[in-house]
Amino acid sequence: MSWESSRVIRMLGLPANFNARRVALQASFWAVMLILLSTILLNFINISATDQLSAYDDDWNDMSAFREDIKSMGIETRSLVSSPLLLADIEDPRNTTYVLAGVERDTLSLPQFDDDGFITIASGNGYSPSEINAIVEFVEAGGTAMVFEDYGYANTIAEAFGIRYTGEQVFDTTYATELDYNYIWMCIQNNPCGMNGTQLDPSTLSSHERWAQVGGPGEHPCSKLDEQTFGPGEAMLCEQHMINGRVDYNGTYQVLLNNITGLEIIPGVRGPLSEVAIRALTSNEATVDVNGDGEIWVGNEITPETPDRWGQFNLSIEVCARASCSPSDGGRIMFVSDGSALINAMYDYEGFNEGKYGPTDKMMPANDNRKWALDFIAEALMSELIDEVGEPAENAMVIFDESRHPQSALAADSYNTVYFLLVYFTGEGLAMLLLFLILFITFEAVLIKKRDPEPWRHVFSIIYYGFGDANRYAYYSKVEKIRQVFLSKVRNQNGLNREEFQAMQANELVSMISDPVLSKFAVESSNKYTLEQTVALVKRIKAWGRQ
Amino acid sequence: MWTRKAAFTFTGGIALVLIGMMISNQQMMILGLTLIAFIVVNSWISGHGDVEVQRTLSADNLYKGDDLYVELLVTNRSNRKTQMLDIYDNIPHEMKLRSGLNQMQLNLKPGESARIRYVLRCPLRGHYSIGPVSLRARNTFNLGVEEMYVDHHSDIVIFPQIKDIEEAFLRSRTPKMYTGATTLRTPGQGSEFYSLREYVPGDPFKNINWKAFARTGDLMVNEKCRDAVTDLYLILDSRDLARIGTVLKNPLEMGTVSAASLAAFFLKRRDSVALAIYDEKLAYLPPDTGDKQYFKILSALAGVRPKGTMPLQAVTNSLSGRFSRGSPVFIISSCEGDGTVPAAVRDLVGRGHEVTVLSPSSVDFERLVSRIPRMSYEVLKLERQNRLTTLAGSGAQVIDWMPDMDLSQALMQVRGY
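Chains as they are written, first to last, in this note's numbering: chain A, 8 to 554; chain B, 12 to 428.
If you're looking for bench data, these hints aren't it; they were derived computationally from the structure.
Don't be surprised by glycine CBs; every beta carbon is placed ideally from N, CA and C.
It cannot be assumed that every hint is accurate.
[Unchecked claim] Chain A is faced by these chain B residues, among others (derived, beta-carbon under 7 Å): (1) V28; (2) Q38; (3) M39; (4) I102; (5) R109; (6) Q114; (7) M115; (8) L117; (9) L293; (10) L296; (11) P298.
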């Protein structure tokens, strides 16, 4: 190769498709999308300054002490931050206990299938129908649930089992006088307990209807270890009954509640579990502030002057698959009319009084909240094997529902919301259909829209160019144009200019042409010629003048 | 940018995770997460296009139909391997790749170089630019692609082709009269004696030197000096109508070839050649001799594009005063769509110029790209015939140049009208 000339230029690579305007446009688009998305999400994300009732926080109004006790018993604890739909995935419901304390916010209103197979949008019910179904199915499958609620959104769960939270504050004479009338004593027994002055009257105290029946079908498993001696930490699930190295089972429970509401059995409604048992009641002198004005005006009848109610109200109801309520016989769910029954301040009253959960000027009275809650857990999760009495079952697990607790941080609440959506789309029938559709469309979009860069190939392409003017062809086949061309030929052949030619007489033109057919064609003004005649004329004109 | 494979892998991963969650299948979720993780990890391992490029051309100026040799030297100047790097030298689509390839897939180590060689054929005159060099960096599994370019261009000019033409039909009959005319000491048609040479068959008998024949016994002929330098004026029609036909065969292309060939011929004879190109405006190159004028004319012809509707008479009115008296004038035009052509020719002839109209037959060029009805074609041809007859009647020599006719062959029919 002979190089006649050469040029050398050196440059470095640059982005091929960098377009500032396009980048700016895309940035604007995504910014608008982000703002829109944030606006939508902010409707769902409820950031609260007072996060409470969480098993994973250790404030006085959280439930960390309860969770720590469960862990120390060797039971696995988990939180559920998205949706109870995940309960459907529990492998061993029998050895799982679901704890729900305070449903402080509503569910996201998303479309879903209802029981009749129609599409519905859950709204204002705390839990969606699918989530309630998941809880019901969990319990039906042998799971144990504890629902602590007062004025929140747990009513839909209760109603699924034929129970209702009244949502009105209940006052009772059996309150903790060292505190105030909002702190009510709940005695887990058949008959209500009463007061003797400022203290509970010991003569009115009894024991748990079921657990304390030694040898009965509902006997508490810790009672089997009664009077047995154990080393520190060896009593496992019955550690709460250890006194001086010995299990001293006591079936009496005085549970302290705060700002309680009432529980009602819905007449005529039969839930999935047949046995409904009232575990605790108020005294006969309890009142309900129906209109919520902070004053109690009661009479024999409810009138505008006496709008409030009085009498005996349910504080705890247990719904079981069998009358024995034994976990081995099927699932069960316990409703308590106070969402804060297990908060650190009351559950771990000793620690609270010592200032473990922050300084306080209020002294909590001794109560059996811890004993009762841990006994409930022990009954649910203790191993049924003879040589493992007192020990948790192999798969024992307690799940705390944190999905309805507002978070104080945007990230935490967003995470919960996103997790909720994920569970919704993978657990709810309609959403799964929708997700399948989205996945299908996404695959199609990828298939159609996503293109690999075209392989580079040099294309030599000049042969396809061309230019012509087809519009004039019709004009050149008209008789008038043919006559004009012929007369120009005659004029040129005879060396005449236009003026001379136009001045000629017709007979002169005829003699000049000396062809009768063409002469007639030249002189005549008629344009009525057939196609064949026109073709013949053009041939004749072409030949004319050659001789 | 992700490739289709990457998009599929990622979407598949997401789908597997979600479906795995739906049906509580951990294996499926793990597989989905593996696919997503594979994409994420792979996106960290990308190639680069940090290379230097040098392009070397065999010539900056070529004639139409010539071959251009191109060499591209690519050097990795970074301290990383390029991985899969596609190199593509962008060449004008009017150029044909004759041998070699203008692209290559490389994986250059740091400091390593590679050469890409290819040969281009240039079938169309014009001003062209080779470049930029496109780069496409791919990562190992071809999951990500990044495109870049090296903004390096090489400009080249493709001149019209030069054809051999017959001298006999182009000689000026009028000697140059203005100051500066020189007698060329070269053999040719003239009056002054130049030399004696041996007779070759075809030499006219009147040139035989009988005295020399008597003295030597061999037939000898007298050779004369060329006694004039001709000023040749080329007027090229570059109106929009001149593009009728195909890109390779149209009145303008043939016109540029004929103008370049005539200019080359006369400049080689040391005559002066002027060039006027008219389209939407008039471009005029005054008469001059030598290689510089030759290059100017070829460059001007290389850049001609069909446009505008300027009439020929406007050109002759503007330039005829500057034409040397009696100089030959070549009008290269299809003479179509311009009613001023006869008047313009008549005017030039009247001024004593020997006018030759080289007229590419636009009707026949149009036939190459368009199906003209037979009768319309015949009438169009008749009209064209009339037009050329009128020009011949005005005193011009008219050449009806058909598309399949060689230039020298066309020039042979100069006295046909």
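So, going through the hints one by one against the coordinates:
A least Cβ separation of about 9 Å between B/V28 and chain A goes past the 7 Å threshold, and the interface hint is therefore violated. Violation of the interface hint for B/Q38 is found here, the shortest Cβ-Cβ separation to chain A being roughly 15 Å, above the 7 Å cut-off. The interface hint given for B/M39 is violated, since its Cβ lies 12 Å from the closest Cβ of chain A, which is over the 7 Å cut-off. Interface restraint check: B/I102 against chain A, minimum CB-CB distance 6 Å, threshold 7 Å, status holds.
For B/R109, the shortest C-beta to C-beta distance to chain A is roughly 10 Å, which exceeds 7 Å, and the interface hint is violated. This hint holds: B/Q114 has a C-beta 5 Å from the nearest C-beta of chain A, less than the 7 Å allowed. The criterion of a C-beta within 7 Å of any C-beta in chain A is not met by B/M115, whose closest approach is roughly 10 Å, and the hint is violated. A distance limit of 7 Å between C-beta atoms decides the matter here; for B/L117 the minimum to chain A is near 13 Å, and the interface restraint is violated.
A hinted interface residue such as B/L293 counts as satisfied when its beta carbon comes closer than 7 Å to some beta carbon of chain A; here the least separation is about 23 Å, so the hint is violated. Taken as an interface hint, B/L296 does not check out: its beta carbon lies about 24 Å from the nearest beta carbon of chain A, beyond 7 Å. The interface hint given for B/P298 is violated, since its Cβ lies 29 Å from the closest Cβ of chain A, which is over the 7 Å cut-off.
The structure fails to meet hints 1, 2, 3, 5, 7, 8, 9, 10, 11 from the earlier list, while all remaining hints are met.
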